[in-house]
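Q: Here is how the chains run, residue by residue.
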Amino acid sequence: MSKTNPGRFFEDYRVCQVIRHAVPRTVAEGERALYHALYPARHALYSSDEFAAASGLDGSPLDDLIAFHIVFGKSVPDISLNAVANLGYAEGRWLKPVWPGDTLRSESEVIGLKENSNGKSGVVWVRTRGLNQMDEVVLDYVRWVMVRKGDDAAPAPEPVVPELAKSVAPSDLVLPEGLDFLQYDFGLAGEPHRWGDYEVGEVIDHVDGVTIEEAEHMLATRLWQNTAKVHFDATFREDGKRLIYGGHVISMARALSFNGLANAQMIVALNGGAHANPCFAGDTIRAWSEVLDKADTHAPGVGAIRLRLVAHKGAAGDHALRGEDGKYAPQVLLDLDYWALMPK
Amino acid sequence: MSKTNPGRFFEDYRVCQVIRHAVPRTVAEGERALYHALYPARHALYSSDEFAAASGLDGSPLDDLIAFHIVFGKSVPDISLNAVANLGYAEGRWLKPVWPGDTLRSESEVIGLKENSNGKSGVVWVRTRGLNQMDEVVLDYVRWVMVRKGDDAAPAPEPVVPELAKSVAPSDLVLPEGLDFLQYDFGLAGEPHRWGDYEVGEVIDHVDGVTIEEAEHMLATRLWQNTAKVHFDATFREDGKRLIYGGHVISMARALSFNGLANAQMIVALNGGAHANPCFAGDTIRAWSEVLDKADTHAPGVGAIRLRLVAHKGAAGDHALRGEDGKYAPQVLLDLDYWALMPK
Amino acid sequence: MSKTNPGRFFEDYRVCQVIRHAVPRTVAEGERALYHALYPARHALYSSDEFAAASGLDGSPLDDLIAFHIVFGKSVPDISLNAVANLGYAEGRWLKPVWPGDTLRSESEVIGLKENSNGKSGVVWVRTRGLNQMDEVVLDYVRWVMVRKGDDAAPAPEPVVPELAKSVAPSDLVLPEGLDFLQYDFGLAGEPHRWGDYEVGEVIDHVDGVTIEEAEHMLATRLWQNTAKVHFDATFREDGKRLIYGGHVISMARALSFNGLANAQMIVALNGGAHANPCFAGDTIRAWSEVLDKADTHAPGVGAIRLRLVAHKGAAGDHALRGEDGKYAPQVLLDLDYWALMPK
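Chains P, E and L, in that order, give the protein sequences.
Under our numbering, residues 1 to 344 are what the first sequence spells out, in order.
Under our numbering, residues 1 to 344 are what the second sequence spells out, in order.
Under our numbering, residues 1 to 344 are what the third sequence spells out, in order.
Since the hints were derived computationally from the structure, they do not count as laboratory data.
Treat the hints with caution; some may be incorrect.
No copy is singled out in the list; a pair is fine if it fits within one copy or between any two copies.
[Stated by the list, open to error] In the SDA-like style, the derived pairs of lysine to any residue whose C-alpha atoms are separated by at most 20 Å in a straight line are:
#, residue 1, residue 2
1, LYS229, PHE9
2, LYS114, ALA316
3, LYS96, ASP152
4, LYS241, ALA281
5, LYS241, GLY282
6, LYS166, ASP233
7, LYS3, GLU202
8, LYS241, THR284
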């Protein structure tokens with residue numbers, strides 16, 4: 001028997017199955033520094049222990065998206081090694097900050113299965129949880145992927161399609177214990193705009209662009225121990241291109257969004273997201289955001305803002321999202337919907 | 001009103017204005033490791049806690065140029081986002097070591113303004129200070145930049161041109177508390193040459209060369225949270241090239257200078273500097289140094305040496321600096337003038 | 001006299017000479033994170049403090065190959081700056097784990113010399129030791145290199161060719177104090193295969209491939225403070241290519257071997273190794289392993305497995321090693337022979 005992991009195929013999943021993912025990971029100052037080298041990340045709460053302490057935290061946690069990437073990366077060998085496409089995200093919540101020295105592991109529960117009409121693949125819905133060394137859930141989200149069948153003759157399972165919330169309700173947002181923006185220093189944070197200054201429907205162009213290199217996306221993707229071949233092996237795809245991990249685009253766009261959203265300090269929920277088109281080295285990533293909703297929170301001085309974050313490789317200021325056919329425009333890379341915390 | 005930062009234009013500056021720069025940054029072991037991955041840095045005092053302890057310090061501080069890059073990077077969004085050119089440095093002094101866990105912020109005072117005769121830009125002189133979490137100044141330097149006007153019709157300010165020292169006087173050098181080179185281990189440091197072995201006027205060719213990659217200079221520049229578009233966005237310049245952050249060349253040249261100056265352990269003053277020509281990916285950087293001056297210090301066994309450090313992309317051993325017209329030769333990238341500390 | 005280091009030539013070595021290498025290095029969390037960004041390293045014991053603690057250790061040590069690269073890198077300026085080729089390794093043993101915060105230095109003893117018949121170069125055998133800040137030897141290995149003569153007229157030394165063990169005897173393996181695999185969690189480690197599941201002669205194809213970039217191998221090689229020009233300066237070789245540090249290939253292949261050997265947690269001995277052909281940016285590295293031997297150990301639940309690890313740039317599944325002429329096939333990059341520890 002071969003000792004290498006061929007990955008699971010569509011017929012290998014069962015609803016209610018819980019898969020414990022391998023290779024726990026201790027994260028520390030090194031991951032933080034690399035995150036800042038890989039992305040133009042400047043949100044002050046993740047950059048300065050002093051700023052975080054003034055916001056009621058015990059120092060600066062690791063960036064919210066580091067937690068996401070580590071938890072996601074661990075699920076790849078079990079969930080998406082034979083994936084044709086990463087279709088969507090829903091009901092994601094950050095439940096506990098991740099601190100330097102924490103050890104993360106993750107597990108996924110299969111919550112839905114539906115074979116495609118072509119009989120060659122199907123959609124798998126999983127709820128993935130990231131846990132720290134005290135078995136506290138730090139992050140929880142649903143994603144669904146299209147997975148190939150290993151044996152086309154395998155019978156189709158009873159279809160189960162989970163009902164997923166369109167977005168996380170404001171009352172379900174979990175805020176870091178102690179968070180308090182009453183002493184918030186807008187000067188140090190980089191922009192004067194507070195929660196009250198943003199209007200639903202407002203669109204913010206984040207101005208900057210970053211041209212992507214092979215070495216960088218591979219460094220990032222390996223750092224999260226994401227093993228999908230297509231990101232690393234230039235001989236894997238017929239066109240000789242390495243597909244860039246979608247999370248690299250998420251982090252790049254989120255970091256670019258500092259320019260205009262410097263005070264949207266912490267991501268607390270992932271309402272949805274689509275990797276609209278593939279991204280390759282040489283593309284120049286730009287981003288814009290739209291304010292989708294706002295909500296109050298119980299934490300002193302803290303408001304919640306729901307944002308659509310769009311990354312694209314088009315010209316600066318190009319805010320096209322979908323064509324007349326309703327499909328994403330070809331230059332759109334990412335359409336992400338999340339809740340962040342801002343000072344009021 | 002747009003929420004993104006367009007940067008300041010020439011007419012936005014006033015003499016005596018103090019600008020507090022955004023996004024404080026906690027630096028730690030991760031930044032140190034990345035510095036060693038990005039540059040061939042081998043000065044023992046910044047490489048080994050044991051070596052630093054034997055030199056009277058509480059372990060190894062972060063590299064002197066890490067402090068410079070972090071402090072400089074914070075000033076970019078306020079000072080040089082609309083800069084046409086970074087014209088010079090003067091009166092720079094390292095006043096306190098930066099330790100892992102320190103949080104740095106920076107602020108700049110406008111000390112000079114002079115509109116150019118074309119009426120479209122002007123020169124802004126600022127004194128930038130880096131401060132740690134105890135509000136101690138760790139680094140202080142003057143730089144001047146040419147900045148575009150946003151509105152050509154804006155009236156020219158009264159010209160104020162600061163008088164700047166040609167170099168920091170030896171009596172003004174500040175040495176790290178406790179520094180002592182009496183037990184200095186030349187074997188571990190890598191070279192036998194002590195302060196007394198260098199003569200004013202002596203030229204040292206540093207032999208090695210490093211060919212520069214896009215991914216590396218972008219990792220470095222982001223690590224210092226320097227946001228200037230021209231370093232990251234290949235569509236920004238008409239020629240499609242990303243201009244390499246001048247500080248990347250400084251760090252590369254300083255690291256290359258180990259070969260011949262392994263005992264010039266710590267930079268304590270920046271007397272002047274010019275980024276003579278732009279540097280692009282694919283260039284192979286080489287360096288040579290000239291001993292400009294020497295001075296004694298009050299610290300046991302410690303001498304000061306004033307060095308010109310020249311980085312170029314020419315052939316090995318090419319020490320041309322200026323052409324017959326007095327301008328920098330086209331292959332010269334950097335002409336830096338600094339004081340360093342050496343064992344006597 | 002030039003102050004730069006020209007490196008030693010063949011005639012500069014004497015049998016029994018001990019060379020203390022320069023620039024001690026404190027290693028910490030930053031090096032660990034960079035290792036995980038540079039290589040797809042997933043062995044759980046080097047990824048998770050919790051997993052390491054459950055294996056009887058005081059947290060996760062730095063990767064075994066980080067110790068190797070640091071110790072090796074320090075020896076380059078003294079041993080291989082003028083090397084024509086790195087010919088082999090033998091009798092390598094990891095004697096103590098390296099922990100975050102440790103400071104490593106290294107020294108080499110010349111144990112053999114033999115001039116080549118062409119009179120222009122010769123083979124130098126050295127035993128290199130890495131020591132921590134408590135002067136404990138953490139790693140010890142023999143390597144031999146072909147070194148150019150600086151002066152062809154220098155007389156040939158009396159040839160001394162050391163007798164080297166074909167492999168480290170199982171009874172000579174040194175295990176980390178306290179190591180215990182009785183509570184080993186195969187689920188977290190990533191694969192179910194235990195020591196008893198591997199048979200001598202078994203070949204494992206590690207499936208994955210990684211296409212190599214210039215920026216990555218230079219980041220790695222600098223991180224280990226390896227200064228050999230040929231890795232960094234694209235103008236050094238006539239073909240304009242930068243030769244990739246052989247250790248980069250070792251680490252890449254070892255990390256790729258996770259897929260099929262996830263439980264071969266720690267390298268404890270290096271029996272031999274050859275860098276069969278040069279590796280350049282753009283090559284896609286793949287790996288396969290062959291089980292050469294197995295041995296029991298005195299540690300609870302711990303077995304030793306002797307593995308041949310072959311890295312190649314050929315097509316997936318290409319296990320050709322040598323041609324009919326007995327020479328390495330042109331696509332083979334590395335042929336490494338080591339002992340690792342596995343749960344029984």
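Q: Work down the list of hints and note, for each, if the structure agrees.
A: Verification of the supplied hints:
With identical chains, the CA atoms of LYS229 and PHE9 are at most 20 Å apart within one copy only, with a shortest distance of 16 Å there and 44 Å across copies. Within a single copy, LYS114 and ALA316 get their C-alpha atoms no closer than 40 Å, and across copies no closer than 33 Å, so neither meets the 20 Å cut-off. Taking CA atoms no more than 20 Å apart as the test, LYS96 paired with ASP152 passes in neither setting, with 42 Å inside one copy and 52 Å between copies. Taking the shortest alpha-carbon separations for LYS241 and ALA281, both the intra-copy value of 8 Å and the inter-copy value of 15 Å come in at or below 20 Å.
For a Cα distance limit of 20 Å, the shortest separation of LYS241 from GLY282 qualifies both inside one copy, at 11 Å, and across copies, at 12 Å. For a Cα distance limit of 20 Å, the shortest separation of LYS166 from ASP233 qualifies neither inside one copy, at 36 Å, nor across copies, at 35 Å. Proximity of LYS3 and GLU202 under a CA criterion of 20 Å is satisfied inter-copy only: 10 Å between copies versus 54 Å inside one chain copy. Within a single copy, LYS241 and THR284 get their C-alpha atoms as close as 16 Å, and across copies as close as 13 Å, so both meet the 20 Å cut-off.
Figure legend: structure checked against the earlier numbered hints; hints not met, in rising order: 2, 3 and 6.
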